[in-house]
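Number of protein chains: 4
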Amino acid sequence: MSGSLFGKNFRLSTFGESHGPALGAIIDGCPSNISLSLEDIMKNINRRKPGNPQVATARLETDQVEILSGIFEGKTTGAPIALLIRNMDQKSHDYSTIKEVYRPSHADYTFDQKYGFRDYRGGGRSSGRETAARVAGGAIAIAFLKELGIQITAYTRSIGPVMVPADEIDLSQILLNPVNMPHMQKAEEALAYIAKVKSQQDSVGGTVECIVHGLKPGLGEPVFDKLDALLAYAIMGIGGVKAFEVGVGTQASTLLGSQYNDAFYAEEGTVHKKTNHSGGILGGISDGSSICIRAHFKPTPSISQKQKTITASLQNTVLEIKGRHDPVIVPRAVVVVESMVALTLADLLLSHLGSNLETVKKLYK
Amino acid sequence: MSGSLFGKNFRLSTFGESHGPALGAIIDGCPSNISLSLEDIMKNINRRKPGNPQVATARLETDQVEILSGIFEGKTTGAPIALLIRNMDQKSHDYSTIKEVYRPSHADYTFDQKYGFRDYRGGGRSSGRETAARVAGGAIAIAFLKELGIQITAYTRSIGPVMVPADEIDLSQILLNPVNMPHMQKAEEALAYIAKVKSQQDSVGGTVECIVHGLKPGLGEPVFDKLDALLAYAIMGIGGVKAFEVGVGTQASTLLGSQYNDAFYAEEGTVHKKTNHSGGILGGISDGSSICIRAHFKPTPSISQKQKTITASLQNTVLEIKGRHDPVIVPRAVVVVESMVALTLADLLLSHLGSNLETVKKLYK
Amino acid sequence: MSGSLFGKNFRLSTFGESHGPALGAIIDGCPSNISLSLEDIMKNINRRKPGNPQVATARLETDQVEILSGIFEGKTTGAPIALLIRNMDQKSHDYSTIKEVYRPSHADYTFDQKYGFRDYRGGGRSSGRETAARVAGGAIAIAFLKELGIQITAYTRSIGPVMVPADEIDLSQILLNPVNMPHMQKAEEALAYIAKVKSQQDSVGGTVECIVHGLKPGLGEPVFDKLDALLAYAIMGIGGVKAFEVGVGTQASTLLGSQYNDAFYAEEGTVHKKTNHSGGILGGISDGSSICIRAHFKPTPSISQKQKTITASLQNTVLEIKGRHDPVIVPRAVVVVESMVALTLADLLLSHLGSNLETVKKLYK
Amino acid sequence: MSGSLFGKNFRLSTFGESHGPALGAIIDGCPSNISLSLEDIMKNINRRKPGNPQVATARLETDQVEILSGIFEGKTTGAPIALLIRNMDQKSHDYSTIKEVYRPSHADYTFDQKYGFRDYRGGGRSSGRETAARVAGGAIAIAFLKELGIQITAYTRSIGPVMVPADEIDLSQILLNPVNMPHMQKAEEALAYIAKVKSQQDSVGGTVECIVHGLKPGLGEPVFDKLDALLAYAIMGIGGVKAFEVGVGTQASTLLGSQYNDAFYAEEGTVHKKTNHSGGILGGISDGSSICIRAHFKPTPSISQKQKTITASLQNTVLEIKGRHDPVIVPRAVVVVESMVALTLADLLLSHLGSNLETVKKLYK
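Chains as they are written, first to last, in the UniProt record's numbering: chain B, 1 to 365; chain Y, 1 to 365; chain P, 1 to 365; chain G, 1 to 365.
Bear in mind the hints are in silico, worked out from the structure with no lab data behind them.
A few of these clues could be false.
Same chains, same label: a pair holds when it works inside one copy or across any pair of copies.
Listed below are the simulated DSS-like cross-link pairs for lysine-lysine, each with C-alpha atoms no more than 30 Å apart in a straight line [unchecked claim]:
1) Lys216 to Lys361
2) Lys274 to Lys198
3) Lys198 to Lys306
4) Lys196 to Lys146
5) Lys8 to Lys362
6) Lys75 to Lys146
7) Lys99 to Lys361
8) Lys322 to Lys274
9) Lys216 to Lys198
10) Lys362 to Lys322
11) Lys49 to Lys361
12) Lys308 to Lys99
Just chain B, same shape as in the assembly (with noise of 0.2 Å):
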C-alpha cells in the first residue's frame, strides 16, 4: 500500500504529485447533514499559502479547491466529498539541476530506492504540496467537530532559539504575525532570526503546539489506539517532524511520581484537575481536560549552501540547490498540525459511538 489512506471510519485519502496535474482530497465517511462551504475549505488553504516573503517561499502557490461531490444544497450528503486542486505551477526547470543528485535529508534516494523510480521534477509524492490535500480534507473534519464543540487551535512555540514561554501564551495574536505565534514580540525575534539565517543560505527548524478544547472524557482506546498513539500517528506523518510530546513530554521522564501526577479535585459536581501535566489524556482516553501536544520539525532540507552528497550512479559529488526555498515550514505547518489532529479526532469520535451500550440504544430507536 502506498499509506495515502488516513483512518478508518472518518476517512481521508489523498492524491497527486507537487509537479502532476493535480492534488486532490477524498472524505469518505463524513456524516450527512454537516453544513460545509468553499469559503470553510479555502479559509484555511490559504492560511498554509507562503505569507511574508521574509518567511515563507517565493514561489506563489494559488490554491483553488473545487468540490467535485458529496455536497448538496450546502450540506454535506454522506457521500465521498471529493476536493480537487489544480498545479498551477508544473514547470519542472527549478529542478532540472538535481535530476541525477540525491538531495541531502531528502526523500529522493529513499524513495528511488522503494519504488525503483525516480520523479526528478520535485519532491513528487514526498513534496510538503501533498499538505495542501491534508488541509482541505482537514477542514471538513474540523467543520464536523465544531458541531459538537470541539475547537482546535495550533501556533508556532519555537523558532530555532526563540521560544514562547508557557505563561506569556496569547492566541488572540496567532493570526496576527507572519509566523503564526501566539506573541507579538517572540514574532518579532523570529522574524528576525529567520532573516540572518536566510541570508547565510542556511535555514532552521521550530516547534508546533496544539491545544484542543470541549473534547468530553472517553474518546480513544485503552490499548493499541491510545488517543495520544492515533495523534502521535498523525503528526509525525506530517513531513520534517522529529518528535512528538503530549503533555509535560519529554520531561515527565525525569519528574517524579508526586511532581508529575494531576489531583483530582470535585467542583458543584464536575471533575477538574489541580494541574494537567498528562495533556488531557489518561491510560489513552481523553479526560476532559484541554488536550495539549507538540510537534517538533527540523529545519528545511533545501539550503542554498554546497552539500555533499551522491548521484544517482553512486559518484560522489557537491550540490548546489538553486531557486528559492523556505528557511523555515513550521509557520506553514500550524494549519496542517490543526488539520490531522482534527482528522484523528473525528475518526476516534465515529468508532467511539459504539462502546456502549446505552448510546448506540440512544441511537438506535
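Given the coordinates of chain B, work out where chains Y, P and G should sit on it, guided by the hints.
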C-alpha cells in the same frame, strides 16, 4: 472498537484483564515455515518480569505461555498463532481500598467515563500486565525479522536525572544489570537513585532507546504511513509514554539545516551518510542506516504518599495506595519497546512486498 | 494475512486447528453493558453439535466454552471477549492413511500450495471444526442485536431433492427435528433420503435459508459495502457454500421489471411493500422489511467410496477414506449461518452509527 | 463509513454522484513500474457505454477519463492513481417529476432513511453511473494482473429466458454483438426479446458469467477471506445483483458427493482435475484451474408502466417514470464484473505475497 488489534498484515490481537482468568495474544498473518519454539517466547517474557526487588514490584508474576495454535512440528503454519498466559495472582484484596476512588494519573476515571463501568480489581484492561501479551506476540515478529537479518535492541537510556552519554553506550552491558542500561556505572547510579526515591514513597520516570540494525532501504510509506509515524503509534501505545523521538528528535527544532542535514557519500558502490541525525528514516522511508528512536516514560502513577483525589460519587478525598508498586517501570518496558518495534516492522514489511512490480514478479512465480 | 479476522468495528478473530490443543474466538469492539452468560453461548454451541446419528458424524464433539476476558459481573466490559474451546479428540489415527494423499474437493492440495506445508492430522485450519469458534463469537453478536430488537432465524430449506415449499414454512418446527427443517413431514423425508445416501457410502448437499426480523431501514452502505454484499462475504466464507441468494435470488434474472418491482404503500403513516422480492434490501441498504437470504451447500467431500486422486508426490492413486463422516453438514450449518449473519449486522450497525450528524449529536452528549 | 473504499492493499476509492460535477476513482497501493496508458482505461470505459439503442439507454454518456496522478512517463509510480470523469449531462429535468416520490425497487427510500436527505436529481451516489469509476480503476488492476499472466473474461450468459448453453460458449463472439453474448444466434434471440419487452414498457434481467485464466494455486485465505467470499462481496456490491454462484453454484445443493467431487489426476508432473465443479477454488483457495463465477441481475427498476408507490410525505400515489431507460443493464454490466473481479484478485495477490517465508526471502534480499 476497543483498539486491541495492532497491524494490518502481520496482526497482533491481545485480550485479558490484570485480574481476569488469563491474558492472550493472537498473531494473524505470520508467514509459514518460520522456526519458532516456546523458549524463544519465554526468553522475552522473562525479560519483562520484575528483576531486582530494588527496581520492581514484589508482586510475583509467573507468566507461563501456552501455544494453542499456529505452530506445527516447530514451525509456523501460516494460521493464527494463539498464545495463552493464565493469571496466577487474581486476588483483589490489594485493590479493594480503591474500589470507589479514582487514582490520580491512572485510567480509572477515563475508563469509567468511556464504558460506564468500573473494574475495581485493578487496572483491568488498562493495566501494564497487558504488555505481557504484547511481548509474547512480539517474540514471533522478532523471530520473523531475524530470518531476514533484522535485529532490534532496546535499553534504558535514562532514569530520572541519570542518563547514559551517547558516546559511552555499550550494548554488551544491557542484560548484565537490573535496569538494563548499556553502562554499568550509570546502572549503579540509577539503582541508588531509585532506592532513594522508593524510600520517599515516590516513583520516577525514564527513557528507553531502541536501535534497529539490518533494515534495508525502502521500508515505510511516503505519506501517512511513514515508518516513523507507525513507530510513534506503536510506542505511544505503551502505557506511560509521553514523548517519542526519532534521530536527534526534539533537538531538530533548534538546529540549522547546515548542521542537521546528513551528507551522503559513496564508498565501493555502497551508500553511506556522514551523520545519522535523521535516525535512519528519510521522508518516512528507511534509508539503510540504523533506525534510532526514544520513548520517554512518566513516573509510575501509583505512589504510597497521600494524594488528593475524588470518589466515583465525586466526593473529594485523600488516597493512600496500599501494597507495593514499582517505583519505576522503565527497565521492564525495554522488552516491550523491542516487541512493539518488531511488530511494526513485521507488518510494514509484509505490506511493502507489493510496492514494486519487479519484486512482485519475483515472488509470484 | 491469514484472513482469520471478520469485521471492522465489531470484530471476530478465530484461531485453532481441528487437531491442535484448542480453538478460540476473540470478539473485539463489543459495546459494554450487554448482559451475557456462558449459557447464552453454550446454547448455540450445542445446536452445532452432531444431533441425530442418522444425520451427523459419530465422532463425539464435546465443546465446552471457557470465557477468558471481557465479561465482568455478567456484563460485557467493552474489552475484548476471549472464548476458549479445548479440543478433546486430538488423536490423528483416523487421518494417518491420508497423510500423503490430497483428498478430492478438500483444501489439502490448495493449503499445501499456499503455505508450503501439510497438516496431515485432518482439515487443520480448513476443518469445519473452526466454525465452533464462529458460533461462540456469534452468540455475542446475537446477544447485542437482541438488545436492539433484531432476531435472526435460520433453517434447513432443502436437503438434496427434498425442499420445504415457501408457503409451508413453520418456524416453530425448526428445533423439533434433527435436520432443523421448518416442516416436520419434509424433515422425515429428508432423514429417509440421508439414510439412503449414507447406505450408498455417499453424501449430499442442501440449502440453508435465513430470515432477519426487526432490522430498521438504513443499514448498509450504498456502494461497495452493501448489506447484501457484506452478507454474501460472510456466508460464502462458510466452508462448502457454492451460491448465495438474497430475496428471489437467481430467479431475478428471468423476471420482468413489472413482475419483480416491490410496490410501496403507506398505511397509518408507516411504509409497507406489497411484495418482498428484494429480500429487505434496496440499493444495498435495509428497507425495514424482513431480510431473506439463502446459502447453497455442496455435499460433504469425505465419502467412503473409492475415489481417484493424487499423492503429494504427484502419483495417481485411489483413495478410500476411513472413519465415519457426516453424509450432510447442512443441519449443523444452520447455527453457523445465523452466527455469521449476526456478526455482519453487529459490525455494520456500529459503523452505521456515524452516518448522520443528527444521530451523532444524539450520542455525543 | 460510506463504504466507498474497496480492497485492503490494492485499494479503489470512488466518488461522485450521477448529477454532480464529476465521478472519480483513486487506486492506492498499485505497484510501481506497470506500463499503463489512457487508452488502456478508455477501452474498458467504452465497453461500458450504451451500445445498441435497442439494448441500452439513449441518454448519451460521453465519459472521458483524465489521469491526475500516479503515472509518470507511461508507468505507474507507486503513488495513488487518480482518474477523473466529468459529468457532461447534469441536467435534472428528466428527474424533476420524481422529486417527491420513492421509486419502487430503487434506493430512493433507503438512502433517504439512512442519510436523512434526498438527492432528487437521480440515483445520486446509488446510480449505476458510479460503476464508470469502478471500470476506470479496474482497468489498472487488469493491467497489473496481465503482467502476471492472469486474464479475466466476462460475458452475458443469459437475458430473461434466453440462455447460452454451457457447451456452446464461444468467447470470440462476445465483442461482436451488442449484448456481449458468447453466441451469435442467442444474441439475436436476446435482442428480439429485449425489443419485445421494451415495446411493453417493461424491463428484464439476466446473468453475467466470468472466467479467470492463469491464476496460480494458493490465492485466497482458508477462513473468512476465502477467494470465493471476496469475489461474492465484490459482485454483490454491483447494483442489481441478487445472486452469486461459483462453479456449479446452486446446483451443488442437489448433487451427491460422488457426483460433485472433482477427481485429481497427475500428468507429466502437473496437477489436473477431471471436472471443475468447484469453479477453481478449494477451501477458499485457488487450485490452479480456471475460476468460474456467475452474477444474477434483476430487471432494471425504472419502467415506464404506471406503478403504485408512495411520496416522501408517505402519501400513496401512482408513478409514471418519464424519460428513456435501459430495458436491461446486463450487457453493460459485463465489463463492471470483470473490473470487480480484477480488483479483488489484485488486492488478494498483494496480501498473498507474504504468506510464506520462502517467498518473502526471495524478495527481501
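Exercise. Is it within, between, both or neither when you check Lys196 against Lys146 at 30 Å Cα-Cα?
Worked result: neither (40 Å within a copy, 49 Å between copies)
Exercise. For Lys99 vs Lys361, is the C-alpha pair at or below 30 Å within one copy, between two copies, both, or neither?
Worked result: Between. Shortest inter-copy distance 28 Å satisfies the 30 Å Cα cut-off; intra-copy 60 Å does not.
Problem set entry | Up to 30 Å CA-CA - Lys362 versus Lys8, copy category | both (23 Å within a copy, 22 Å between copies)
Exercise. Checking Lys75 and Lys146: alpha-carbon separation at most 30 Å within a copy, between copies, both or neither?
Worked result: within (14 Å within a copy, 35 Å between copies)
Exercise. Can you tell me if Lys216 and Lys198 fall within 30 Å by alpha carbon in one copy, between copies, both or neither?
Worked result: Neither. Shortest intra-copy (44 Å) and inter-copy (36 Å) distances fail the 30 Å Cα cut-off.
Exercise. Are the CA atoms of Lys49 and Lys361 at most 30 Å apart within a copy, between copies, both, or neither?
Worked result: Result: close neither inside a copy nor across copies, 45 Å intra and 34 Å inter.
Exercise. Given identical chains, is Lys198 near Lys306, meaning Cα to Cα at most 30 Å, within a copy, between copies, both, or neither?
Worked result: within (14 Å within a copy, 54 Å between copies)
For this session: Have a look at Lys216 and Lys361 and pick one of within, between, both or neither, based on CA distance no larger than 30 Å.
Result: both (19 Å within a copy, 13 Å between copies)
For this session: If the cutoff is 30 Å on CA atoms, where do Lys322 and Lys274 land: within, between, both or neither? Let me know, please.
Result: Classified as between: cross-chain Cα gap 23 Å, same-chain 53 Å, threshold 30 Å.
Problem set entry | Intra- versus inter-subunit Cα pairing at 30 Å for Lys362 with Lys322 | Neither: 61 Å inside a copy, 40 Å across copies.
Problem set entry | Alpha-carbon proximity between Lys308 and Lys99, which holds within one copy, between copies, both or neither at 30 Å | within (16 Å within a copy, 63 Å between copies)
For this session: Measure nothing new, just compare the shortest in-copy and cross-copy C-alpha distances for Lys274 and Lys198 to 30 Å and report within, between, both or neither.
Result: between (43 Å within a copy, 24 Å between copies)
In this structure, the hints that do not hold are numbers 4, 9, 10, 11, in rising order.
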